[in-house]
Amino acid sequence: MHFRAIVFFIASVILLINSPVFAAAPIKIGALFAVTGPAAFLGEPERNTAQMVVEEINKAGGVKGHKIELIVYDTTGDATKAVQLANKLIKNDKVVAIIGPSTTGETMAVIPVVEKEQIPLISCSAGSKITEPVKKWVFKTAQNDALAVGRIFDQLRKQKLTKVAILTVSDGFGSSGREQLKAQAAKYGITIVFDDTYGPRDTDMTAQLTKIRNSPAQVIICWGTNPGPAVIAKNARQLGVKTPLYMSHGVSSKKFIDLAGDSAEGIRLPSGKVLVADLLPASDNQRKSLLVFIKDYQRQFKAEGDHFGGHAWDAVMLLKNAIEHGGDSPASIRDQLEKTTKFHGIGGTFTYSAHDHAGLGQDAFVLVEVRNKDWAIVK
Amino acid sequence: MPFDQLLQYALSGLSTGAIYALIGIGFSIIYNSTGIINFAQGEFVMLGGMLTLFYINLLKLPLWAAIPASVLTATAAGLLFERLAIRPLRKPTPINMVIITIGGSIFIRGLSMLLWGKDTHSLPPFSGEEPIAIAGATILPQHLWILGITLVIIAANKYFFYHTISGIAMRACSYNGRAAGLVGIDVRRMVLFSFMISSAMGAMAGIIVAPLTMTSYDVGVMLGLKGFCAAIIGGMSSGAATVVGGLVLGILESLGAGLISSGYKDAISFIILLLILFIRPQGLFGKAESERV
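As you go down the protein sequences, you meet chains U and G in turn. If you're matching positions, the first sequence starts at 1 in this note's numbering and goes up one per residue. If you're matching positions, the second sequence starts at 1 in this note's numbering and goes up one per residue.
Heads up, some of the hints might be wrong.
[To be verified] Covered stretches of chain U, as calculated for chain G (at least 3 residues, CB under 8 Å):
| hint | segment |
| --- | --- |
| 1 | 136–146 |
| 2 | 226–239 |
[Claimed, not checked] In silico lysine to aspartate or glutamate, DMTMM-like type, Cα no more than 20 Å apart, as pairs:
| hint | chain 1 | residue 1 | chain 2 | residue 2 |
| --- | --- | --- | --- | --- |
| 3 | G | K265 | U | E117 |
| 4 | U | K135 | U | E115 |
| 5 | G | K265 | U | E265 |
| 6 | U | K81 | U | E117 |
| 7 | U | K242 | G | D119 |
| 8 | U | K379 | U | E369 |
| 9 | U | K302 | G | E130 |
| 10 | U | K302 | U | D258 |
| 11 | G | K265 | U | D78 |
Keep in mind the hints are simulated off the structure, nothing from the lab. No experiment lies behind these values; they were computed from the predicted model shown. Cβ atoms here follow ideal geometry from the backbone N, Cα and C, with glycine treated the same way.
The following block holds chain U by itself, in its conformation from the complex (with noise of 0.2 Å):
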């Protein structure tokens, strides 16, 4: 009877995990983002959104009966740790691939790992570097700057405005939007007439602004993250600086507005959608994606969902697209990524091609206006 009994309960725990149900491994996915540290503020949305996003497809069955796995772990904004913690997922954790890394400077420390084991790496950072010149295994969701610039530039066509000057922050995410613009004035015949720089933690910036004051500018473009361009939308109140001024995207959030007051009325920026999207036509591709995106995020997280989240959200799901096409091995989720057309996500429309691993186009960005405390589309 004893042995019967044996015989009967490792008969149905085999049976147990062969089922269907139970069978399928997780497919495992990494996660390199900087959760403390100064890139936090990128980070912690990701990692959220990641964690939120994986949950949810868990909870509908997964992808094609198997669940996912994230392992997230934080670089803290560090390059070297990033390549570390890329080595343990590839080599402890074995993942499929992996989201991230948050900043441009260890996405460009991870490239060569990922480009060696093999393995597709979808980041989150901006830098148009990372896909320029295209990677065989690198893909990224954040917008480039490059568009960013593009699409300030062609509203001021539109307006007749050539003269500008430029005040741009002393740090990555300044220098590269700095080159931006230089790079493309010329190709919508803008001359840049007056160009500084502030550094990051600059707390008052009235001696650029009574130079621009003092220049033929037009409009002066600002490049940088906060808080830097709230003092100078702050200062040029002071000063009465009457040329209309234009922001980056890297201050399009609510914080920006509320750390700059009445002095951010009428400043203009290029911003993803994810800040608008009640205010888009209901024709908007993207419409859809968007609004679950914040639904789910203010349900979740008490708080607004962001460009960075958003980021994250689009690798995840982008990863999902790839696996449900093929299969789960590194090597055929590579090729489908490559092969997404046309995916209305929340940075934008990711259309990848053997040529562009970016993915985007220039309506990933709205041009947005401060108008009474909160966002307008400048049409």
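Knowing the structure of chain U, use the given hints to seat chain G on it.
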């Protein structure tokens, strides 16, 4: 170079300089009573701004009540810092004390980050945001507040150190601690006072500057270093020399940013710091003294 442009640089520099001066005096008060450089001074500046914000946002206090509340809290923090970190030291050699203040500053910064997050915050200006025009240059009402409050604090400071018994006792300690002890002055209490006064002054500096420059858990580092520069230029005096040091620093920074390049703004103040330390370690205005005990 048009006059109004120069005037604008000078005015901007003057208000930043006033802040540096306030922080610098905080450095020198502690230096004079204990002989150490309190590298946590910048963190009290940060605490001033962040605590005010905390009182306004969470306890819904009006601005005029939040400011004294925050100065008091920062003073209490200064008191605790002295009691818990400085006083228990068995062998108070300067190098030990300096390392302790650096540790203290990292601790305070980390704690504020955990409590209030990493975001930058803005404080409402004390009286409106309408720019005031002065001969082609413009300043904000907040700039006047900064200059005014700095003047009042410096005057009060002067009065305290020269015309009250406690102030005179503190000065006695700075000249010769042992002799002061012999005539019945409680030296340890005077050290405690000096920490309280300088943390209150730092907090006030952090509050009046926050509406212009905004505040976050990590603003203390840079402001602290600039205040330190001001104190060095002033030869670690807790009087007019440090004030002049702060103002000179502020104006040079602003002129440097305006006339040369803004990229060199911070470099300018640190080059000045190094030059002073190399050439005139007794400060710009000090007489060369023999070792101060």
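Here is how each hint holds up against the structure:
1. 136–146: Since 0 is below three, the answer is violated.
2. 226–239: holds (count 8)
3. G:K265 to U:E117: 45 Å, violated
4. U:K135 to U:E115: With Cα atoms ~8 Å apart, U:K135 and U:E115 stay inside 20 Å; holds.
5. G:K265 to U:E265: 29 Å, violated
6. U:K81 to U:E117: Measuring from Cα to Cα gives roughly 18 Å; hence the hint holds.
7. U:K242 to G:D119: 29 Å, violated
8. U:K379 to U:E369: Roughly 10 Å between the alpha carbons, so the hint for U:K379 and U:E369 holds.
9. U:K302 to G:E130: 36 Å, violated
10. U:K302 to U:D258: 18 Å, holds
11. G:K265 to U:D78: 27 Å, violated
Figure legend: structure checked against the earlier numbered hints; hints not met, in rising order: 1, 3, 5, 7, 9 and 11.
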